[in-house]
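What the sequence shown shows, in this note's numbering, is residues 1 to 211, in sequence order.
In short, the hints are calculated from the structure, not lab data.
Be a bit skeptical, because a hint or two may be false.
Below, simulated DSS-like cross-link-like pairs (lysine-lysine); rule was C-alpha separation at most 25 Å, straight line [said to hold, decoys possible]:
no., residue 1, residue 2
1, 155, 107
2, 107, 48
3, 64, 10
4, 107, 71
5, 19, 41
6, 136, 107
7, 48, 71
8, 41, 155
9, 19, 71
10, 64, 155
11, 19, 107
12, 10, 41
13, 155, 140
14, 107, 140
15, 48, 64
Here are the computed distance ranges between Cβ atoms for each label pair [claimed, not checked]:
no., residue 1, residue 2, range
16, 118, 89, 31 to 37 Å
17, 62, 153, 24 to 30 Å
18, 76, 54, 22 to 28 Å
19, 137, 13, 41 to 47 Å
20, 145, 11, 38 to 44 Å
21, 43, 18, 19 to 25 Å
22, 75, 145, 37 to 43 Å
23, 140, 18, 38 to 44 Å
24, 87, 1, 24 to 30 Å
25, 17, 157, 41 to 47 Å
26, 145, 89, 28 to 34 Å
Glycine residues also receive a C-beta, built at the ideal position from the N, C-alpha and C atoms.
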Amino acid sequence: GDEGIASLAKNHPEMQSVKTFMQASPHGYHMFFIHPGNDVKSFPILPKVDVKADGGYIVLHPSKIDGEQYKILVDTELVSCPGWIARGEGVRDDPEPEQATGSEKPKWVSDLILHGSSSGRRNEDAARLVGYFWNKGVGKDIIEQIISPWAERCKPPFDLRELRVVIRSICSYQQNARSHGVLDPPVMTSSAMSTTPPWSVSARPPPLIHS
Numbered sequence: 001g002d003e004g005i006a007s008l009a010k011n012h013p014e015m016q017s018v019k020t021f022m023q024a025s026p027h028g029y030h031m032f033f034i035h036p037g038n039d040v041k042s043f044p045i046l047p048k049v050d051v052k053a054d055g056g057y058i059v060l061h062p063s064k065i066d067g068e069q070y071k072i073l074v075d076t077e078l079v080s081c082p083g084w085i086a087r088g089e090g091v092r093d094d095p096e097p098e099q100a101t102g103s104e105k106p107k108w109v110s111d112l113i114l115h116g117s118s119s120g121r122r123n124e125d126a127a128r129l130v131g132y133f134w135n136k137g138v139g140k141d142i143i144e145q146i147i148s149p150w151a152e153r154c155k156p157p158f159d160l161r162e163l164r165v166v167i168r169s170i171c172s173y174q175q176n177a178r179s180h181g182v183l184d185p186p187v188m189t190s191s192a193m194s195t196t197p198p199w200s201v202s203a204r205p206p207p208l209i210h211s
């Protein structure tokens with residue numbers, strides 16, 4: 001959001017002149033860049049600013065969640081990923097988190113399943129959860145059993161029929177993207193889902209800044 005824009009301007013003022021594809025979400029802004037080719041992980045790179053790349057998930061325009069529309073702000077070609085993002089260089093306010101073992105789920109997964117999501121986050125969080133477990137090789141029926149407790153804890157509860165639609169859509173979308181050689185594709189909600197990946201099948205999905 002606005003705090004992320006301020007953080008970006010403070011730490012990397014040169015980013016204010018960068019013109020690349022950009023969208024607004026109900027909770028902030030997304031700037032998209034061409035993937036640099038090296039591994040770029042999803043993590044908080046600056047205070048109030050996250051990078052979503054390999055293994056990360058986003059919701060794209062023209063998705064609409066609980067009446068909130070994702071909107072294109074800058075409709076232009078993607079530009080090269082800034083070097084400091086590709087290298088993972090950032091400024092952290094908080095200490096480095098403890099490294100999780102390979103058998104542990106990321107904290108955000110456990111937090112969501114334990115606490116549920118608010119009305120404005122349910123579809124996006126459902127897509128993230130489904131995509132996470134699908135990429136771990138978990139089948140659709142098992143995914144439903146794993147995240148059903150999350151759906152019950154949402155405020156208001158996330159309807160099981162709608163959850164099944166999200167599971168089918170996300171799994172089908174990711175399977176189709178992988179068949180075209182695209183790993184870790186961004187996730188769209190069912191309202192914007194397409195059977196064809198919305199990028200060149202020869203390219204890797206772009207990293208983005210999420211604030």
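Okay, the hints, checked on the actual structure:
1. 155 / 107: holds (20 Å)
2. 107 / 48: holds (18 Å)
3. 64 / 10: violated (31 Å)
4. 107 / 71: Given that 25 Å is the threshold and the Cα spacing comes to 29 Å, the pair is violated.
5. 19 / 41: Holds, because 23 Å separates the two Cα atoms, which is no more than 25 Å.
6. 136 / 107: holds (16 Å)
7. 48 / 71: holds (20 Å)
8. 41 / 155: violated (31 Å)
9. 19 / 71: With a Cα-Cα distance of about 16 Å, the restraint between residue 19 and residue 71 holds, given a limit of 25 Å.
10. 64 / 155: Satisfied, since the Cα-Cα distance of roughly 18 Å is no more than 25 Å.
11. 19 / 107: Violated - the C-alpha atoms of residue 107 and residue 19 are around 34 Å apart, more than 25 Å.
12. 10 / 41: Distance of about 23 Å is within 25 Å: holds.
13. 155 / 140: holds (24 Å)
14. 107 / 140: holds (22 Å)
15. 48 / 64: holds (23 Å)
16. 118 / 89: 31 to 37 Å: holds (33 Å)
17. 62 / 153: 24 to 30 Å: Since the Cβ atoms of residue 62 and residue 153 sit about 29 Å apart, the hinted range of 24 to 30 Å holds.
18. 76 / 54: 22 to 28 Å: holds (24 Å)
19. 137 / 13: 41 to 47 Å: holds (43 Å)
20. 145 / 11: 38 to 44 Å: holds (43 Å)
21. 43 / 18: 19 to 25 Å: Between residue 43 and residue 18, where Cβ atoms are some 20 Å apart, the hint holds.
22. 75 / 145: 37 to 43 Å: Given a distance of about 41 Å, which is inside 37 to 43 Å, the answer is holds.
23. 140 / 18: 38 to 44 Å: At 40 Å between Cβs, range holds.
24. 87 / 1: 24 to 30 Å: Taking Cβ atoms as reference, residue 87 and residue 1 lie about 25 Å apart, which means the hint holds.
25. 17 / 157: 41 to 47 Å: holds (46 Å)
26. 145 / 89: 28 to 34 Å: violated (41 Å)
In terms of the numbered hints stated before, the structure departs from hints 3, 4, 8, 11 and 26, listed from lowest to highest.
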